[in-house]
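Asks: Sequence:
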Amino acid sequence: MAHDIVIRSGRLVDGTGKPSTEGDVAISDGRITDVGSVDGIAKREIDARGMTVTPGFIDVHTHFDAQIGWDPLLTPVSWHGVTTAMMGNCGVTFAPCRPHDRDTLAGMMETVEDIPKEAILGGLPWDWEDYGGYLDAIERLNPAINLAGLVGHSAVRYYVMGDRAVEGQPTPEERKQMADVVAQSIDDGAIGFSTNRFAPHKGPDGKSIPGTFAEPEELHEIGRVVAERDALLQAVGIRPKGMRKLAAETKARALFSFGVFGPTPLAGRWFSHLLDRANPEGNDVTMCTHVRGSGFVLGMQSQILPVKGTRWTALRAADFEGRMKMMRDPEACAALTAEARTQRRFSFLVRRVYYMGEGAQPEYAMHRRDNLAKMSGQANEHWSETFFRLARETNGKALFTLRLFSSNMPALANLIQNPKVLPGLGDAGAHVSQIMDAGWPSFMLSHWVRETGTFSIEEAIRRMTSESARVMGLADRGVLAAGMRADVNVFDADQVAECHPEMVHDFPGGAPRFIQRAVGYKATLVNGEVSLIDGEHTGVRAGQVLRHANARRKPQVQAATS
0 MAHDIVIRSG RLVDGTGKPS TEGDVAISDG RITDVGSVDG IAKREIDARG MTVTPGFIDV
60 HTHFDAQIGW DPLLTPVSWH GVTTAMMGNC GVTFAPCRPH DRDTLAGMME TVEDIPKEAI
120 LGGLPWDWED YGGYLDAIER LNPAINLAGL VGHSAVRYYV MGDRAVEGQP TPEERKQMAD
180 VVAQSIDDGA IGFSTNRFAP HKGPDGKSIP GTFAEPEELH EIGRVVAERD ALLQAVGIRP
240 KGMRKLAAET KARALFSFGV FGPTPLAGRW FSHLLDRANP EGNDVTMCTH VRGSGFVLGM
300 QSQILPVKGT RWTALRAADF EGRMKMMRDP EACAALTAEA RTQRRFSFLV RRVYYMGEGA
360 QPEYAMHRRD NLAKMSGQAN EHWSETFFRL ARETNGKALF TLRLFSSNMP ALANLIQNPK
420 VLPGLGDAGA HVSQIMDAGW PSFMLSHWVR ETGTFSIEEA IRRMTSESAR VMGLADRGVL
480 AAGMRADVNV FDADQVAECH PEMVHDFPGG APRFIQRAVG YKATLVNGEV SLIDGEHTGV
540 RAGQVLRHAN ARRKPQVQAA TS
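In numbering that gives the first Met the number 0, the protein residues as written are 0 to 561.
Just so you know, the hints here were simulated from the structure itself, not pulled from any lab data.
Beta carbons are placed, not taken as given, at the ideal position from N, Cα and C, and that holds for glycine.
Take these hints with a grain of salt, some might be off.
Result set (EDC-like, lysine to aspartate or glutamate): computed pairs, CA atoms no more than 20 Å apart in a straight line [claimed, not checked]: (1) 201 - 318; (2) 244 - 186; (3) 244 - 275; (4) 373 - 384; (5) 396 - 505; (6) 175 - 248; (7) 201 - 186.
Now the in silico label distances, taken between C-beta atoms and shown as ranges [as the list claims (entries may be wrong)]: (8) 275 - 378: 42 to 50 Å; (9) 551 - 101: 40 to 48 Å; (10) 215 - 330: 32 to 40 Å; (11) 261 - 205: 51 to 59 Å; (12) 0 - 283: 37 to 45 Å; (13) 279 - 46: 13 to 21 Å; (14) 377 - 312: 27 to 35 Å; (15) 283 - 260: 22 to 30 Å; (16) 101 - 451: 18 to 26 Å.
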């Protein structure tokens, strides 16, 4: 028998959680046709000896809604084995949208997710009004990975209520109209609905985005049409107790984003307990959380701590060359340190700042006490002096993480072992000049599997593939089995890891963003096509827009090769 591709002699981790086996994977016409000992010839063979072969990874929390317009390769996640991404999280989407509201929705995405509005308006065709039309537009862009979308509460509310959506409450008729719009969006291909209850997510006017303070009746009415269609209800800013109530009222399959916080490992056990309580019989509530401490990336090429003073204001305002000129001027550094010494409140903040180091891979897992404050104390320096010295010694490449979320790794370890937790929350496509967590799959494999043994590779892969697919409602991906779509990774489990973040200026208009490459990946296949080899894109863009299983609106175009 002839095959399109055979992956030979790899360690097969099939995504179900079952023990791994040695064997081959055969692929034809975009699907897996055989797993085990494969006979016959192939147009192409991939030697996987010494490698691990898994389903492609699924990222359930991204904001690629805009980036697809100018980066169809969907970096950085495509460098980290992600073959399917869910966008439209947190209630902010670009559809439904009336033509005169485009600027408003683009402005919301800019202020909530740090995506430049000019890039949003200039990088997308904006030739749609309903959500199905948006998905059609995305299909025509030929993404390199699969994309699935949630319809956002903010867009739906603004579509129905106009300017009253920001602070007003809907009439009963408007609630029904919103539920109808969400139902139509799912019928046209959205895999679910997302909402925001996190007050710091604000629009350009400084007010929390539409839906943040919606009354329960509104969410319940929308949630019921989501459940009727077996779609997903995603939320941010709701605690486990709130998700329990929402899921029980609507009967919807639910996913919410949450981080662990607290000074001791017991905090992780407590939040795990709350998640268990959110899942009484009849509920299906899953949490998505970080796999490592998350927050702002600091350094000369990115952000500088908001210390007050004329010298610090000048440092933040300068470009990279200007900042480095100040770093090499002893008098300028002394003046900066003098200003920093007057602000004692920063002694607390720098206890949450961690140096990424100068090794081949960034340091993300250091103990919470091994912070910038401790480093400077050991060097008998003020923290600002240590910050400046490392900038000089690395020619400005030194980067630090200001851990704002999930800063306690032992607590995080206790939380993520709960079987109802999915790893992720990388926010790829958002906060692009502030945060870089898109490499979470590689950290999951390097730290939680290889270095700590917290997860077996079989369990880690199950959560990153078949369980994520289940939560999203995808029945044909996430498992190495005959008949499944051929999204596949081949990697060296002993080497896979994140590289250091890098600042680039490849957005429309030259706006900056962080990227992060990976090591250890031999090949990534999307829908049976080889998308990456040895960490580099092949030029093939075989991704698809994955619509809800019962969608009436069918794909408009076929996947293409660039």
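Asks: The structure should be examined with respect to each hint, and the outcome stated for every one.
Replies: Checked hints:
no., hint, in the structure
1, 201 - 318, "28 Å, violated"
2, 244 - 186, "26 Å, violated"
3, 244 - 275, "13 Å, holds"
4, 373 - 384, "13 Å, holds"
5, 396 - 505, "19 Å, holds"
6, 175 - 248, "17 Å, holds"
7, 201 - 186, "30 Å, violated"
8, 275 - 378: 42 to 50 Å, "45 Å, holds"
9, 551 - 101: 40 to 48 Å, "26 Å, violated"
10, 215 - 330: 32 to 40 Å, "60 Å, violated"
11, 261 - 205: 51 to 59 Å, "30 Å, violated"
12, 0 - 283: 37 to 45 Å, "40 Å, holds"
13, 279 - 46: 13 to 21 Å, "49 Å, violated"
14, 377 - 312: 27 to 35 Å, "30 Å, holds"
15, 283 - 260: 22 to 30 Å, "25 Å, holds"
16, 101 - 451: 18 to 26 Å, "47 Å, violated"
Violation of the numbered hints given earlier is confined to hints 1, 2, 7, 9, 10, 11, 13 and 16; the remaining hints are satisfied by the structure.
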